[in-house]
Amino acid sequence: MARMTMVEAIRDAMDVMMGRDDGVVVFGEDVGYFGGVFRSTQGLQQKYGKTRCFDTPISEAGIVGTAIGMAAYGLKPCVEIQFADYMYPAYDQIVSEAARLRYRSNGEFTCPLVVRMPTGGGIFGGQTHSQSPEALFTHVSGLKTIVPSNPYDAKGLLIAAIEDPDPVIFLEPKRLYNGPFDGHHDRPVTPWSKHDLSEVPSGYFTVPLGKATVVREGSAMTVLAYGTMVYVAQAAAAETDIDAEIIDLRTLLPLDMDTIAASVRKTGRCVIVHEATLTSGFGAELAALVQEACFFHLEAPIARVAGWDTPYPHAQEWDYFPGPARVGRALVETMEG
Amino acid sequence: MNSNMTSHQPLTLQVPEPAVRPGGTPDFSNVKIPKAGAVPRPEVDADPESIRDLAYSIIRVLNRNGEAVGPWAGLLSDEELLEGLRHMMTLRAFDARMLMAQRQGKTSFYMQHLGEEAISCAFRKALSPGDMNFPTYRQAGLLIADGYSMVDMMCQVYSNSRDPLKGRQLPIMYSSKDHGFFTISGNLATQFVQAVGWAMASAIKNDTKIAAAWIGDGSTAESDFHAALVFASTYKAPVILNIVNNQWAISTFQGIARGGSGTFAARGLGFGLPSLRVDGNDYLAVYAVAKWAVERARRNLGPTLIEYVTYRVGAHSTSDDPSAYRPKTESDAWPLGDPVIRLKNHLIVRGVWSEERHKQAEAEILDTVIAAQKEAESYGTLHAGAKPSARDMFEGVYAEMPPHLRKQRQQAGV
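Here the protein sequences come in this chain order: A and B. Numbering-wise (my numbering), the first sequence opens with residue 51 and increments by one. Numbering-wise (my numbering), the second sequence opens with residue 7 and increments by one.
So here's chain A without its partners, still in its complex pose (with noise of 0.2 Å):
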């Protein structure tokens, strides 16, 4: 075990998997020599060699593009896309492309291709450096999308993404590379040293694709979140003395809805949390599945607090970002509903 960043468990994962499997190759803008903006591919170049992990022209549909067609080869890309907001140019090879070559062929092409971008706001990024666009990805079929929240999934997950025969969306969320972000911007950072989940297994294991976990137990409701709002669901629920129980959905999809539903069946109350602005958003799908499973068991109607329905303000980083105190009033009035 070692402790570890995020972004250490990350380039570690992809180190790992660079070592078992020599079809396993690593490249993107700015990912070889320099080894990518926020050092996720730092020393894969030189530990692997240039052919391996290498620096790619700035056409995210080039990068994703070359990877579909190195996959169908029997390659096993993992890309980077520097920023999720970057990723459109690459949209149409994902969806059109990536996503359907299996189904489409019947099984003679398939694509294990891993997709990684950092994702969600909280770095004053601004409109093109903090788009969470994972419902983009949830809505096409063929597809695998994943979120993790911290250095232990964020490995064991990104093995499994590398692994599995299908392309897999791999988001990370940037507020969390170097630290458990729970919203409250004004305060010190907590490094990811004080965390327990920076405790990292060295070598090979993988956190399996499809499962949740519950982060904290409850009894009073569940908040279902992902990604950096799951440090901020457990500061809501701390200063609004809830007994929430919150579950860390990691994978969207496939989505493990037996612990969903298991958890909304015993408290009777559900919040639903994600940083992506709230229309159409992936907590749309979510409280559609909750109240189809657990209609019978709701106590209150589903809430739902997300990114408002705006471009990501520069200035207004703090007013648009779903803090722990808008999520505690979501919790409080699902409580009083």
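Hints are computed from structural coordinates only; laboratory data are not their basis.
Think about it this way: if two alpha-carbon atoms lie no more than 27 Å apart in a straight line, the pair counts; the simulated DSSO-like pairs of lysine-lysine are:
| id | chain 1 | residue 1 | chain 2 | residue 2 |
| --- | --- | --- | --- | --- |
| 1 | B | Lys297 | B | Lys41 |
| 2 | B | Lys413 | A | Lys261 |
| 3 | A | Lys316 | B | Lys413 |
| 4 | A | Lys100 | B | Lys211 |
| 5 | B | Lys413 | B | Lys393 |
| 6 | B | Lys297 | B | Lys242 |
| 7 | A | Lys97 | B | Lys211 |
| 8 | A | Lys244 | A | Lys261 |
| 9 | B | Lys393 | B | Lys380 |
| 10 | A | Lys100 | B | Lys242 |
| 11 | B | Lys183 | B | Lys242 |
| 12 | B | Lys211 | B | Lys297 |
| 13 | B | Lys242 | A | Lys97 |
Distance windows between CB atoms, simulated:
| id | chain 1 | residue 1 | chain 2 | residue 2 | range |
| --- | --- | --- | --- | --- | --- |
| 14 | B | Glu370 | A | Ser330 | 53 to 63 Å |
| 15 | B | Pro135 | A | Phe174 | 50 to 60 Å |
| 16 | A | Gln366 | B | Ser229 | 27 to 37 Å |
| 17 | B | Arg27 | A | Phe174 | 55 to 65 Å |
| 18 | A | Pro107 | B | Leu19 | 23 to 33 Å |
| 19 | A | Lys316 | B | Phe400 | 27 to 37 Å |
| 20 | A | Gln366 | B | His389 | 50 to 60 Å |
| 21 | A | Ala365 | B | Ser257 | 48 to 58 Å |
| 22 | A | Gly93 | B | Ala25 | 53 to 63 Å |
| 23 | A | Ser191 | B | Ala330 | 35 to 45 Å |
| 24 | B | Gly276 | A | Arg70 | 34 to 44 Å |
| 25 | A | Ser330 | B | Asp373 | 50 to 60 Å |
Coverage of chain B stretches by chain A, computed from C-beta distances (three or more under 8 Å per stretch; other residues unrestricted):
| id | segment |
| --- | --- |
| 26 | 167–174 |
| 27 | 183–191 |
| 28 | 199–208 |
| 29 | 235–248 |
| 30 | 400–409 |
Ideal Cβ placement from N, Cα and C applies to all residues, glycine included.
With chain A fixed as given, assemble chain B onto it according to the hints.
Here is chain B on its own, set in the frame of chain A:
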């Protein structure tokens, strides 16, 4: 301020137009055609800078008298040429039968190759087993020339119970890994850059296989085309970048995509790619240029861009009527002729073929195609007979079916 008060003239938008529209007299005087044999053949390791003029000419082998002439001639034996003729004739007969089947309501859609048969049929013969094509919808000659089963192709067109793709794809969007034929997307240009990635993978693994990318004149306007050229150029990928310029993108003439560029091949020059232009209706020229590019890729000398100059004689698909956007007789005026007739004439000049044998071969090929069609139809057509099960619809989205799809399959009751 009123613009008239400034010293500048008002700006005007320029929208290119084809030389002739319906009702007019076809005019291809703008297509500059060099004499067969006139374009030199450089060494395959030539510096791309030294052969830039090949992007502006047209490499041709067969002359008007049916003779093979010049430095690109002499690569194929009588047997190989006779086989090539048979492939093109088979593809043409296959198309004719499937087009008729679509009109009879046996399938929803079809796309034919009429006039473009030489390109995919000859190109396939320049590749080796294990190489991979990333084709568009008008390269079925790659399959025919590699001996893929016509019955399987027809079953795919009919989306019937023996459809290798289980009814999931539009007709003609074939897939055959064994025959080096990547699953056709139906989206345009996306696969051009995937071919570059496949070729990069082969180089990463120190393999000996190469890839071939395919695109039409119209789709070169997509950003994926540009991305493909950047990546191919940067990493010197062992890939052949094929542009089939058949003059028409549905109803849009090639000038809309080409813009101010002299030729489509010339797009490669800015990337430092060897860029060749070839007579796409000349089986021998297509083969010779493909062979040159294949050898270049195989020797790790990097990518080659090839523009095949041809003409789409038929409609884009069964969903459009060309007489609405171009003169009906335009194809008769196309100066590069018909690829089947040109190869036939060449074989007659070589003394290994005759009009009688050609007629006989046409009849034999038609019989073979009809027999394949009968067999394929015995497995069903789109609206009649056996077809893929609704249960199959839920399979193969992922390697392992996730819970939500299992639930939906139950809801569908299949």
